[in-house]
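Asker: Chain residues, written in single-letter form:
There are 2 protein chains.
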Amino acid sequence: MSVLVVGSVALDSVETPFGKADDVLGGSATFFSASASHLTQVSVVGVVGNDYPVAQLDQLKKRGVDFSGLEQADGPSFRWRGRYSHDLNSAETLETHLGVFSHFSPKIPEKLRSSPYVFLANIDPRLQLDVLEQVKDPKLVACDTMNFWIQSRRPELLKLLERVDLVTLNDGEARQLTEKSNLVQAAQWILSRGPKHVLIKKGEHGAFMFTRDSVFFAPAFPLESVFDPTGAGDSFAGGFIGYIAKTGDLSEANMRRAVVHGSVMGSFAVEKFSIERLMTVTKAEIDQRVKQLRRLVTFEEELPA
Amino acid sequence: MSVLVVGSVALDSVETPFGKADDVLGGSATFFSASASHLTQVSVVGVVGNDYPVAQLDQLKKRGVDFSGLEQADGPSFRWRGRYSHDLNSAETLETHLGVFSHFSPKIPEKLRSSPYVFLANIDPRLQLDVLEQVKDPKLVACDTMNFWIQSRRPELLKLLERVDLVTLNDGEARQLTEKSNLVQAAQWILSRGPKHVLIKKGEHGAFMFTRDSVFFAPAFPLESVFDPTGAGDSFAGGFIGYIAKTGDLSEANMRRAVVHGSVMGSFAVEKFSIERLMTVTKAEIDQRVKQLRRLVTFEEELPA
Numbered sequence: 001m002s003v004l005v006v007g008s009v010a011l012d013s014v015e016t017p018f019g020k021a022d023d024v025l026g027g028s029a030t031f032f033s034a035s036a037s038h039l040t041q042v043s044v045v046g047v048v049g050n051d052y053p054v055a056q057l058d059q060l061k062k063r064g065v066d067f068s069g070l071e072q073a074d075g076p077s078f079r080w081r082g083r084y085s086h087d088l089n090s091a092e093t094l095e096t097h098l099g100v101f102s103h104f105s106p107k108i109p110e111k112l113r114s115s116p117y118v119f120l121a122n123i124d125p126r127l128q129l130d131v132l133e134q135v136k137d138p139k140l141v142a143c144d145t146m147n148f149w150i151q152s153r154r155p156e157l158l159k160l161l162e163r164v165d166l167v168t169l170n171d172g173e174a175r176q177l178t179e180k181s182n183l184v185q186a187a188q189w190i191l192s193r194g195p196k197h198v199l200i201k202k203g204e205h206g207a208f209m210f211t212r213d214s215v216f217f218a219p220a221f222p223l224e225s226v227f228d229p230t231g232a233g234d235s236f237a238g239g240f241i242g243y244i245a246k247t248g249d250l251s252e253a254n255m256r257r258a259v260v261h262g263s264v265m266g267s268f269a270v271e272k273f274s275i276e277r278l279m280t281v282t283k284a285e286i287d288q289r290v291k292q293l294r295r296l297v298t299f300e301e302e303l304p305a
Numbered sequence: 001m002s003v004l005v006v007g008s009v010a011l012d013s014v015e016t017p018f019g020k021a022d023d024v025l026g027g028s029a030t031f032f033s034a035s036a037s038h039l040t041q042v043s044v045v046g047v048v049g050n051d052y053p054v055a056q057l058d059q060l061k062k063r064g065v066d067f068s069g070l071e072q073a074d075g076p077s078f079r080w081r082g083r084y085s086h087d088l089n090s091a092e093t094l095e096t097h098l099g100v101f102s103h104f105s106p107k108i109p110e111k112l113r114s115s116p117y118v119f120l121a122n123i124d125p126r127l128q129l130d131v132l133e134q135v136k137d138p139k140l141v142a143c144d145t146m147n148f149w150i151q152s153r154r155p156e157l158l159k160l161l162e163r164v165d166l167v168t169l170n171d172g173e174a175r176q177l178t179e180k181s182n183l184v185q186a187a188q189w190i191l192s193r194g195p196k197h198v199l200i201k202k203g204e205h206g207a208f209m210f211t212r213d214s215v216f217f218a219p220a221f222p223l224e225s226v227f228d229p230t231g232a233g234d235s236f237a238g239g240f241i242g243y244i245a246k247t248g249d250l251s252e253a254n255m256r257r258a259v260v261h262g263s264v265m266g267s268f269a270v271e272k273f274s275i276e277r278l279m280t281v282t283k284a285e286i287d288q289r290v291k292q293l294r295r296l297v298t299f300e301e302e303l304p305a
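In order, the protein sequence lines correspond to chains A and B.
In terms of my numbering, the first sequence is numbered consecutively and its last residue is 305.
In terms of my numbering, the second sequence is numbered consecutively and its last residue is 305.
None of these hints come from the bench; they were simulated from the model.
Wrong hints could be hidden among the right ones.
The list treats identical chains as one, so a pair stands whether inside a single copy or across any two.
To be verified - Below are the EDC-like pairs computed for lysine to aspartate or glutamate, each with C-alpha atoms no more than 20 Å apart in a straight line: (1) Lys202 x Glu92; (2) Lys159 x Asp51; (3) Lys107 x Asp137; (4) Lys111 x Glu133.
Modelling step: build the complete structure from the supplied sequences, incorporating the hints.
Answerer: Now the structure itself:
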């Protein structure tokens with residue numbers, strides 16, 4: 001079944017110890033859809049400026065991504081410039097120009113309002129709530145957020161938590177939101193506000209999925225070289241939600257497989273700049289990495305008889 | 001089969017956001033033996049001063065730990081004072097007094113020289129090499145180390161690597177030793193120097209075990225509250241080596257179970273000050289946490305038929 005993602009479609013300029021890329025495809029909805037397109041059909045709602053190289057989105061359209069909900073507005077596109085130092089752990093933001101994104105007001109096209117799976121990528125919680133007013137009875141709504149909104153839009157974010165099924169956020173954001181340094185306690189706090197699932201992403205240290213009565217952990221795939229971490233979290237979300245949408249199965253066992261697909265898609269995203277690697281990865285490569293991730297954590301409790 | 005550990009037996013004074021403890025049992029050999037004693041018989045070689053509350057070691061002796069190799073020397077015992085801030089991630093060392101430990105020269109009693117399993121805890125690599133001259137044909141020798149020795153005793157440490165089967169160290173130490181920020185590359189570098197296994201501990205983020213042709217990952221057990229992280233790494237090593245010694249099985253499958261036992265014993269160690277929790281934990285509690293850790297990471301690749 002199909003996924004609707006509402007988020008940013010941007011241009012990134014990135015410096016890492018291994019190279020430099022200017023004005024390449026970026027933004028949460030871009031990484032999310034590039035990743036999820038390997039698993040299911042995705043529709044993007046977002047906005048770009050009249051300077052956006054829309055022809056470059058053709059590679060995503062060829063993968064079945066629907067951009068009928070992408071507005072083109074008068075003004076410059078959302079641009080982000082960042083730099084990673086040697087350990088690649090965190091980006092230093094050098095410039096952020098919101099451009100037309102600062103006036104973004106998501107309008108969900110009629111035919112997308114019945115999307116069964118909805119991912120509210122990292123945008124103003126007021127807009128995330130606004131999207132919820134427009135969609136009709138989705139099977140699952142997931143949202144992401146970031147430190148900026150946790151600080152500046154806390155009441156709206158808490159309201160949003162009451163209305164989503166699933167939250168994805170990173171460990172720092174979970175701690176900031178809940179004011180709890182312990183992640184188990186932070187997850188419980190979030191679950192008590194409404195969501196049935198909380199996915200806490202820890203970057204190279206893997207991800208936890210918490211429900212009220214279970215916890216699952218998937219490591220990050222141990223890569224011999226990480227090229228550019230930009231978009232890893234959104235690619236994770238794309239693999240995760242994409243797998244749920246593909247299978248339509250919200251059982252615990254299937255959600256665990258979904259987390260693993262998130263981890264695997266995130267691991268491909270960081271192997272090249274922008275969505276480059278996500279555009280070439282094959283189903284066989286994805287399946288192989290899922291198998292490798294399973295071998296990575298598998299042990300038997302007792303000696304075989 | 002039995003394990004010989006050579007390391008520090010100290011007195012720790014610790015402040016955490018949850019409390020304060022003064023002059024409690026600490027040191028690498030103490031945590032290691034408290035942990036390993038749940039799995040196998042352990043003998044300690046170390047040194048304490050004439051001020052050491054040796055009667056407090058009775059709780060370990062009752063658990064079968066052999067202190068016949070513990071010297072008592074004239075002078076003050078090794079004392080460490082540290083403080084953890086709210087996130088508990090790293091200790092701030094307030095005071096270190098090596099005392100009699102600064103002149104420690106391990107003498108392995110004759111009856112312990114044939115110990116099949118040997119753990120060289122974090123001491124001067126010159127002393128670790130010296131212990132290797134004294135032991136006779138062990139089945140497995142493992143060593144730990146720390147930033148101080150990596151910096152000040154690099155040639156001796158590299159010589160040691162050629163002579164041990166297994167190295168345990170934390171991620172920061174692995175990066176410092178190998179000058180590689182990527183852990184997969186760091187592990188390969190270490191393996192190329194001699195050891196067949198490298199265990200890279202990442203604290204709350206779990207641990208990797210690398211061999212030349214495999215990699216295994218065990219998460220840290222997700223605790224709702226961590227009380228005092230002191231000794232977690234040595235308790236991990238005690239659970240790991242203790243399990244190997246108990247089973248006498250160096251197969252990949254069994255080494256994986258050993259890593260999991262390390263993770264589980266580390267998780268108990270941090271629930272109270274000093275070795276308190278390790279003194280009360282039961283076999284049933286250990287086995288249950290092993291099962292829980294397995295559930296934490298288990299997923300099936302495909303939908304069950």
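Asker: With reference to the structure, classify each hint as holding or not holding.
Answerer: Structure-based check of all given hints:
1. In this assembly of identical chains, the alpha carbons of lysine 202 and glutamate 92 lie at most 20 Å apart only when taken from the same copy (18 Å versus 24 Å across copies).
2. Taking the shortest Cα distances, lysine 159 and aspartate 51 never come within 20 Å of each other, neither inside one copy (35 Å) nor across copies (60 Å).
3. Proximity of lysine 107 to aspartate 137 under the C-alpha cut-off of 20 Å is restricted to the intra-copy arrangement: shortest distance 17 Å within a copy versus 74 Å between copies.
4. For the homomeric pair lysine 111 and glutamate 133, the shortest alpha-carbon distance inside one copy (15 Å) is at most 20 Å, but the shortest distance between copies (77 Å) is not.
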